[in-house]
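Engineer: These protein sequence lines are chains X and Z, in that order. Under the numbering used here, think of the first position of the first sequence as 168, with each following residue one higher. Under the numbering used here, think of the first position of the second sequence as 5, with each following residue one higher.
Hints listed in this document are in silico derivations from the structure and should not be mistaken for laboratory results. A couple of the hints might just be wrong.
[As the list claims (entries may be wrong)] Computed cross-link-like contacts, SDA-like style, restricted to lysine to any residue with a CA-CA straight-line distance of at most 20 angstroms:
| no. | chain 1 | residue 1 | chain 2 | residue 2 |
| --- | --- | --- | --- | --- |
| 1 | X | Lys-346 | X | Arg-296 |
| 2 | Z | Lys-76 | X | Leu-180 |
| 3 | X | Lys-288 | X | Gly-356 |
| 4 | Z | Lys-58 | X | Cys-342 |
| 5 | Z | Lys-58 | X | Glu-201 |
| 6 | X | Lys-173 | Z | Lys-56 |
| 7 | X | Lys-346 | X | Gln-283 |
| 8 | Z | Lys-80 | X | Ala-181 |
| 9 | Z | Lys-80 | X | Asp-295 |
[What the hints assert, rightly or not] Where chain X lies over chain Z, by a calculated footprint (3+ residues, C-beta under 8 angstroms):
| no. | segment |
| --- | --- |
| 10 | 40-52 |
| 11 | 55-68 |
All C-beta atoms, glycine included, are put in the ideal place defined by N, C-alpha and C.
In case you want the letters, here they are:
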Amino acid sequence: MAVSRKVFEDQVLALLSCLQGVARRLTRNDADAEDLVAETVARAWRALDSLESEAAFRAWIFRILNNTFISDLRRADARPRLESIECEDEDAEGGDFSIFEQMHQPFLLWFSNPEQEFLDKLLREDLDRALAALPDCYRVVVILSDLEEFSYPEIAATLGIPVGTVRSRLSRARCALQKTLWQQAQAYGLSGAGAPARDRDEFESKARQPNATARQARGNKGTV
Amino acid sequence: MTKQQIDCERALRQILEYVDHELGEHDHSLMEQHLRTCKSCFSRMEFEQRLKRKVGALREDEVPSSVSERIKGLLKSF
Numbered sequence: 168m169a170v171s172r173k174v175f176e177d178q179v180l181a182l183l184s185c186l187q188g189v190a191r192r193l194t195r196n197d198a199d200a201e202d203l204v205a206e207t208v209a210r211a212w213r214a215l216d217s218l219e220s221e222a223a224f225r226a227w228i229f230r231i232l233n234n235t236f237i238s239d240l241r242r243a244d245a246r247p248r249l250e251s252i253e254c255e256d257e258d259a260e261g262g263d264f265s266i267f268e269q270m271h272q273p274f275l276l277w278f279s280n281p282e283q284e285f286l287d288k289l290l291r292e293d294l295d296r297a298l299a300a301l302p303d304c305y306r307v308v309v310i311l312s313d314l315e316e317f318s319y320p321e322i323a324a325t326l327g328i329p330v331g332t333v334r335s336r337l338s339r340a341r342c343a344l345q346k347t348l349w350q351q352a353q354a355y356g357l358s359g360a361g362a363p364a365r366d367r368d369e370f371e372s373k374a375r376q377p378n379a380t381a382r383q384a385r386g387n388k389g390t391v
Numbered sequence: 005m006t007k008q009q010i011d012c013e014r015a016l017r018q019i020l021e022y023v024d025h026e027l028g029e030h031d032h033s034l035m036e037q038h039l040r041t042c043k044s045c046f047s048r049m050e051f052e053q054r055l056k057r058k059v060g061a062l063r064e065d066e067v068p069s070s071v072s073e074r075i076k077g078l079l080k081s082f
């Protein structure tokens, strides 16, 4: 056994917020996330002999979490979700879409910065929604890389895929995320920097609709 | 020996790895050199870096007490 019971407990408790956070974003549901974390910890304890070293603990337990999530989907015969987690890397979900390419105006370099203004306007809810809309196999790499700050080799070890696949999947995932953010912004008339007043009025009107209550607090509150 | 440089095409191909701190020392240094002289690639890098930070800020550190209690109970049962 690579680690003692005490080290196992300490590591689990130290990683609990990460495990819960990743589980919640995978399952998109607090109750399912709690069950997933509990099942992961139980499986990890039973599989402790497969842990090679204490240093490998984080990637090892997240791999168990990911595998448990997939096997739960299989058991529930959740075919669309399963296809989503096992998506082909050739799928060009977001293509090579880039918000920067859409907005950047080189001749305005010193006077205006539309793409940075776009980022300034993004709310936490915008990003939450765009992340939740990603297929599972893309969402998981963004979560591990950007939220949990895993290195590419750690993500590769966690998901059981080559580092090159992590690189390409992350690139496609970010393109898909940007495409969704762009579409959301277009829906609110905010994709052009310095959106005309008419668009902003329309945006604020949409913000007062029930599904966009968080937008009522536009301004610094809620931005990330 | 002439100093090696990279063009915008290669810089853009490697920009996410740069932002993720995944480039090797040599490639990282070539990228830094390019970014010092190319305003357009620098702006792109800044954009990707800020977006990554914004996504990273979605991370939640708080664990609901129900989860915490359940896991502590589970650990005691092993």
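Engineer: Looking back at the numbered hints, which does the structure fail to meet, lowest number first?
Structural biologist: The structure conflicts with hints 5, 6 and 9, although it agrees with all the remaining ones.
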